Each structure stands twice: as structure tokens, then as C-alpha cells.
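Protein sequences appear in the order of chains A and B. All residue numbers for the first sequence refer to this note's numbering, where the first residue is 1 and numbers rise by one. All residue numbers for the second sequence refer to this note's numbering, where the first residue is 1 and numbers rise by one.
Source of the hints: derived by calculation from the structure; they are not laboratory data. Treat the hints loosely; a few may be bogus.
Unchecked claim - Calculated lysine-lysine pairs in the DSS-like style (CA-CA distance at most 27 Å, straight line):
#	chain 1	residue 1	chain 2	residue 2
1	B	Lys247	A	Lys92
2	A	Lys24	A	Lys43
3	B	Lys225	A	Lys204
4	A	Lys233	A	Lys94
5	B	Lys225	A	Lys24
6	A	Lys94	A	Lys151
7	A	Lys110	B	Lys225
8	A	Lys43	B	Lys229
9	A	Lys105	A	Lys94
10	A	Lys105	A	Lys194
11	A	Lys110	B	Lys256
12	A	Lys92	A	Lys43
13	A	Lys144	A	Lys24
14	A	Lys194	B	Lys225
15	A	Lys43	B	Lys247
Predicted model, so just to flag it, every value in this text is computed and none were measured.
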Amino acid sequence: MTQMALVIDLNVCVGCHACVTSCKEWNTSGSAGALVDDNPYGKDPTGTFFNRVQTFEVGEYPNTQTVHFPKSCLHCEDPPCVPVCPTGASYKRKEDGIVLVDYDKCIGCKYCAWACPYGVRELDERRHEMTKCTLCIDRIYNPKLPASDRKPACVMACPTNARLFGDIHDPDSEVSVAIREQGGYQLMPEWGTKPANHYLPRRKTVIPIREDQLTRADNPLKIDGKLPKPALKEPSLDDVTSW
Amino acid sequence: MNPALSVIFFTTLIGVGQGLFLALYCAQLLSLVAVIAAPAPGFYALGSAIALVFLVAGLAASFLHLGHPERAWRAAAMWRTSWLSREVIVLPAFIGTVVLYGAAHYIGGAAAPRGISLALGGIATLLCLTLFVCTGMIYACIRFMQEWASPLTLANYFLLGSASGFTLATAFAFFFAADLWPIFAAIAAALTLFAFVSRAASLHRNARITPKSTLQTAIGVRHPKIVQKAQGAMGGSFNTREFFHGKRPAFARSVKWIFLVLAFPLPLLLLAGGFALASAALLVAAFAVQYAGLLAERWFFFAQANHPQNLYYQAVS
Chain A
1 MTQMALVIDL NVCVGCHACV TSCKEWNTSG SAGALVDDNP YGKDPTGTFF
51 NRVQTFEVGE YPNTQTVHFP KSCLHCEDPP CVPVCPTGAS YKRKEDGIVL
101 VDYDKCIGCK YCAWACPYGV RELDERRHEM TKCTLCIDRI YNPKLPASDR
151 KPACVMACPT NARLFGDIHD PDSEVSVAIR EQGGYQLMPE WGTKPANHYL
201 PRRKTVIPIR EDQLTRADNP LKIDGKLPKP ALKEPSLDDV TSW
Chain B
1 MNPALSVIFF TTLIGVGQGL FLALYCAQLL SLVAVIAAPA PGFYALGSAI
51 ALVFLVAGLA ASFLHLGHPE RAWRAAAMWR TSWLSREVIV LPAFIGTVVL
101 YGAAHYIGGA AAPRGISLAL GGIATLLCLT LFVCTGMIYA CIRFMQEWAS
151 PLTLANYFLL GSASGFTLAT AFAFFFAADL WPIFAAIAAA LTLFAFVSRA
201 ASLHRNARIT PKSTLQTAIG VRHPKIVQKA QGAMGGSFNT REFFHGKRPA
251 FARSVKWIFL VLAFPLPLLL LAGGFALASA ALLVAAFAVQ YAGLLAERWF
301 FFAQANHPQN LYYQAVS
């Protein structure tokens, strides 16, 4: 069993929207057809995006955290959008667990969007077909791309490496290790959809420093002892002098 | 949800057609056991034709909902898993059987062999009830649409559709069968009353729903105070257009009271008045008022459903 997925590290996402624009750029240029862009430079620009970065403020001033939250199809292991599709246009691939839409079969009834609790499917309002993240299915197996580029466009674009891509069923994959060791979690677990995409939580970076790490414990020549010892907080040039 | 006019008309129109057909078959069964005299010739054929007008109009409205109506035939494919697909199969089957039912009566006339029309009517009744189940389950099966995920949704579709169909049948039968229309009026009144109880029960239930999903589970941050600051788009998106009706709460509340008056007590009064005065105008008005009420009811049914995805679209920026 293989289940390809993204793991998104909320701790390092800076909300730059590079994943959004690179996703749109790649997917609007593909063989499946352009994604609508209405009034891109005018008032109320709108259009189809497979990926969006939202921003939430957690806590109360002054103790607040800004959480940038990239949101795309989670490629659920039990996707509620698939069984409701009357035409079979919405399907989950057996070989890698990616949830896809066969655009040529889609009748544009929007029922799958109703059946997705995450709101990650967007009807392209000019093509009248349901569209969604494909995990860049046309990149990740593309023999024309160098092997290092066979990743989703959003993963390639992320400047802080907040997006990891891999097989969450392989216990030794980068994504599985990240989920296991950094507390990866799923969105809205209450609906039992088992999203494949996971998120890594915000965490405080704590570097524990003990006293003996600040003074040299191993100092056979006792050089420190011969020099005037600077106070702990003062800058020092080790072994030589104190400023 | 943002109620789509196409779906509002689709579900209400086929409800009337289904209810009217049930009334016709009910009349046939009653005349079979000689509770009523056989209605005037043309009653069943014309009644089936009227039911077909509603069903086909509903079917046409459903096509307006599709982005690619020319691919609609594909929708019959996934009947094993999708209630929408099952509805797509059952609706034309029901329409076809009603055509045959009406034709059997039209061609056979009064001397028609009873067996054929009875059998066709029996099949059509089964299909009709299946269609009610399919329509209701399309909404009731989405488990995170908590306002819909209830057996009451099925009961409402069945009772509201049947009530409006029998109200229409009362007005229709007034011109054809003197001893039949009071029976229809009584059944229509009873169904309207049951529909009111069932719809009121679902309103009561929905007013007390605790949403299972919260902003905390939506983004996975355990903190009681989370405020959205940006949704990733300034000019809205499919998600804001499809899942929010955009009307003020006061508007939705008034639609609720409008349908609670138009769909239930007013038609009951008009039916009673029509019965007492034997007035065709009042009976026709009963149907017209009830149908208008059902349009409002269906708008509210969609508008009230609060999709969990809305948690991600609370603030533009």
C-alpha cells in the first residue's frame, strides 16, 4: 500500500503564498486546461486555486501567535467525496492513494464539494468542472523532469521547507518520520475521513543550557583560572582575554 | 449553503408529481374496492399527464443545476455508492412508468383490462417511494451536514411532496369525481398535518445542534480563542459563493416563518374552506399557496445547513 501525502509544518510556514502561486502556475498550464482567473488585476479578483494559505490569530493580545495555514486537498484515506460522485469522475487511485477528478466525466453537479468537510474542492466556474489538488500527478511521475524535481510544485516552491512530500504508509519515509517524531496531526478527525495530509504543530524552540556548558569543565591547563574571569553575561574571547 | 434555484424547483416539482401520482393510484385502488364510483373517463390519463408535467419540469430544472448537462447520462454509473446516481436512474424509470400508466388508461379507456394499469401503477408506486428515499438520502447521507443527517430529512421529503401532490389532486379531482375529492381533501389535510409535525421536529432538532467541528479541530490548534485574519483570497472563491447564502439572519428567519404559514396552516384553512363551500377556486388556491410555501421551505432547508468548511471562510482579511 502506498499513500502519497503532504506534511505541512506550521512551525516554519511564514505565509508567503509561494506554494499558492507555484501551484496555480503549474496547474493552469497543464494539459487539463487553464484554471479560471476573473479580474486578476481588477476589483475583487477571484479564481480557482487548488491551494490557499489562510491566516489565523491564536490567543489574546499580547500573547498571540499568527498561524499561517496552507490548505489543499488532504487526499483522505476514506474520502467522503468519492462515493457520492454519480459519474465516477471523482476517484481515489489504488496505486498511490491520490484522490483525483476525471474532468471529462465530471458533470459539474458540485455534490462532491458538498460532501467534503474541508472545502478544498473548487468548481472552476468557467470550465464548469470540479477541480482540486492532484498532488501534481503530472510532475511526480514525469520522466521528462529530473528526478529531484519530481515533487509537487508547492513543495518545490516552499522557501522554508515547510512542505514535505512522501508516502505516509512507508514507516521510514521522511513524512512518516516527521509525523511520528514531531506530533503530526490530521484535520477534523471527528469525521473519520482519515486525511493523508498531516500538519506539524507550532512548537517553541527551547535550547536547554546547563551551567557546566558555559564554563569549561574540561580545562587541564587551568588557563581560565589564570586570566581575569569575565562575568557570565560579559562577552569573552575564549582562552585569550576578557573584554 | 447557498440555495440553488434549480435544486429548489427540482425537488419541489418532482415532489408534487410524485404525490399526484400516488393520489391517482390511491383513487384507482379505492374504486377497485368500490369505496368510490369509477371517476369520469380521462381522469387517470389527464392526471398522469399533469403529474408528468411536474416531473418533467423538475427534471428540466435539475439539468440547469449541472455544469455539463450533455454529460448527464454518465450520472447513472455509480449507483452502487451514490444516492444521486440512484436518483438519476429512478427518476426517469418513474417518469417512464407513469407514461405507461397514463397510456394504459388512455388507450384502454373505461374498458381497459384492470390488471395492466394496476400492475403498472404498483411498479410506479414502488419507484415513486424509492425516488423519495433517494432524494432524501442525497442530503441525509452527508454525515457532517448535521442539519440534514437525520431520518427526519427523508420523512420531510416524503410528507411534503405527498401533501402538495394530494392538495393538487384534490383540486384536480374536484372537476372529475364528486365522491373522490373530499377523500383527497382529507388525505391532503392529514399529510399536511403530518408534514408540519415532521418539519417542525426537524426545525426543533436543528435549532439545538452542537457543531461537531470547531475552528480548533479545523486547524488543529488547541486554544479557545482563534480568529481568522485572512482566507487566502480577497474577492471570494467558489467556497464563499457555494456555501454561504449571503442573506442576513433576519431574512432567513422570515423565510422560516413564511414557509411555516404558507406550507401548512394556510393550505389547511383553504382546503377546509374549499371542502365546506365546495369551491374549486379555494382548492386551487390551497395548492398554489402550499407550493409557494414549499419553495420557501426548500430555500430554508438549504440555507440552514451549515457546512463545516465555512469554518475556514470566516473573514476575508
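Cross-check of the supplied hints:
1. Lys247/B with Lys92/A: Roughly 36 Å between the alpha carbons, so the hint for Lys247/B and Lys92/A is violated.
2. Lys24/A with Lys43/A: Given pair Lys24/A, Lys43/A holds - Cα atoms ~20 Å apart, limit 27 Å.
3. Lys225/B with Lys204/A: holds (19 Å)
4. Lys233/A with Lys94/A: violated (60 Å)
5. Lys225/B with Lys24/A: Violated. Lys225/B to Lys24/A sits at ~32 Å, over the 27 Å cutoff.
6. Lys94/A with Lys151/A: Holds, because 19 Å separates the two Cα atoms, which is no more than 27 Å.
7. Lys110/A with Lys225/B: violated (33 Å)
8. Lys43/A with Lys229/B: holds (20 Å)
9. Lys105/A with Lys94/A: holds (19 Å)
10. Lys105/A with Lys194/A: Distance of about 26 Å is within 27 Å: holds.
11. Lys110/A with Lys256/B: Holds: Lys110/A and Lys256/B sit about 25 Å apart, inside 27 Å.
12. Lys92/A with Lys43/A: It is violated: about 37 Å lies between the C-alpha atoms, which goes past 27 Å.
13. Lys144/A with Lys24/A: holds (20 Å)
14. Lys194/A with Lys225/B: Satisfied, since the Cα-Cα distance of roughly 26 Å is no more than 27 Å.
15. Lys43/A with Lys247/B: Cα-Cα ~22 Å, so holds.
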